[in-house]
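S.K.: Spelled out from the first residue to the last, the chains are:
2 protein chains.
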Amino acid sequence: MEEHEISKAVVKRLPRYYRYLGDLLEAKVERISSNELSDMMNVTASQIRQDLNNFGGFGQQGYGYNVKYLYNEIGKILGLDRTYNMIIIGSGHLGQALANYVKFEKRGFRVIGLFDVNPRLEGVSVRGIEIRMVDELPQFIREHQVQIAALTLPKPGALEVTPVLVENGIRAIWNFAHTDLNVPKDVVVQNVHLSESLMQLSYNLNHIGGKGF
Amino acid sequence: MEEHEISKAVVKRLPRYYRYLGDLLEAKVERISSNELSDMMNVTASQIRQDLNNFGGFGQQGYGYNVKYLYNEIGKILGLDRTYNMIIIGSGHLGQALANYVKFEKRGFRVIGLFDVNPRLEGVSVRGIEIRMVDELPQFIREHQVQIAALTLPKPGALEVTPVLVENGIRAIWNFAHTDLNVPKDVVVQNVHLSESLMQLSYNLNHIGGKGF
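Protein chains in written order, with numbering that gives the first Met the number 0: chain A, 0 to 212; chain B, 0 to 212.
Any given hint could be a false lead.
To be verified - What the simulated footprint calls covered on chain A by chain B, stretch by stretch (three residues with Cβ under 8 angstroms from a Cβ of chain B suffice, anywhere in the stretch; the number is not a length):
| # | region |
| --- | --- |
| 1 | 8 to 15 |
| 2 | 129 to 138 |
| 3 | 159 to 166 |
| 4 | 185 to 198 |
Said to hold, decoys possible - To list a few chain B residues with every Cβ distance to chain A over 12 angstroms, as calculated:
| # | residue |
| --- | --- |
| 5 | Val-10 |
| 6 | Lys-105 |
| 7 | Pro-137 |
| 8 | Gly-156 |
| 9 | Arg-170 |
| 10 | Val-188 |
| 11 | Glu-195 |
| 12 | Ser-201 |
Read the hints as simulated data drawn from the structure, not as lab findings.
Owing to the predicted nature of the structure, the values given are computational and were not obtained by experimental measurement.
Just so it is clear, CB atoms sit at the ideal spot from N, CA and C, and this is done for glycine as well.
Make a model of the complete structure from these sequences and hints.
M.R.: Below, the structure is given as structure tokens:
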């Protein structure tokens with residue numbers, strides 16, 4: 000498939016298509032029209048056709064989409080046709096939650112290392128992975144093929160460890176720390192700012208939902 | 000302040016303004032121009048002026064923004080000038096991570112209940128909060144003023160518990176389960192789909208960053 004620039008908004012929606020198609024696949028549905036998908040996903044059918052047209056014509060007039068084919072193609076676009084080695088820096092509850100999330104592994108994201116700054120956690124095992132100290136990071140990254148680092152530690156630690164990751168060749172950071180990260184242009188950061196998500200919820204609760212309350 | 004419709008995109012950006020203003024406040028900065036804020040936040044100054052104009056003219060020509068005033072006003076808009084009682088349903092690592100996150104409490108989101116379906120967790124305490132069984136939910140919601148429910152349990156449980164929450168008056172759901180939720184229009188759902196975030200990261204790693212890899 001030819002590569003071309005895809006808008007951020009479409010990229011954001013792709014994982015949701017992937018999730019719905021995965022559910023359909025599990026339910027042994029072989030094909031689906033954009034109208035049916037539209038009803039399920041609560042998105043207009045024309046939006047769906049437009050989004051999926053970005054990747055060439057997966058759909059056929061009068062037939063709809065082949066679920067398995069579309070699922071696999073979107074998976075490839077998302078980079079899920081390969082595996083990634085991921086390390087988690089910050090082995091508190093959130094880091095351990097990520098390490099225990101078996102679904103990531105099923106998608107090809109293998110957690111191969113856990114790190115922390117707290118010496119009391121040194122050597123503790125989570126799902127068979129021993130927690131290491133942060134000063135072992137450079138050597139660990141050099142010796143293993145690490146592609147992704149998840150940051151589940153407080154802001155000061157996240158700011159301190161980011162340049163170390165970048166210097167040692169990490170090109171993808173999944174950032175849960177309550178801060179933005181300054182990285183070179185060839186390093187990708189995906190933020191999960193939980194407190195900002197919670198603030199959006201409270202905004203919406205006060206302005207859209209719960210009028211009666 | 001007069002209420003008017005604010006676009007979703009602006010609402011999404013507000014918590015980030017709030018975070019930066021909070022940092023400035025902590026650093027005892029009293030006022031800031033849109034240009035300075037623009038440099039810090041990596042957003043154009045005109046975007047900042049446009050966004051903040053949504054809430055009336057906080058800025059003054061030649062003076063810039065009063066940090067404390069703007070911080071407080073955005074806080075009010077986000078609904079952070081009041082407190083919320085939150086329950087967490089699903090007391091695994093992720094639920095416990097949320098329960099342990101003291102920053103939420105500082106912002107006015109008080110975790111007052113933890114629930115699970117696993118009888119082995121019954122009575123276990125997290126930060127002084129006893130884990131209850133899910134069948135106690137209706138009574139608990141009736142007896143306490145619960146405004147927000149966080150769902151940190153797997154998809155089937157999340158789908159099962161959602162109607163129970165809605166029936167008992169919950170109007171805001173913070174959903175971490177790997178599914179969309181069907182709720183009435185006056186109920187607000189804020190999704191945190193971790194695996195979708197991870198897929199965006201892998202897309203970007205393959206298409207934008209890490210070209211050399």
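S.K.: Any of the earlier hints contradicted here, and which numbers?
M.R.: Numbers 2, 3, 5, 6, 9, 10, 11 and 12 - these are the hints that the structure violates, sorted from lowest upward.
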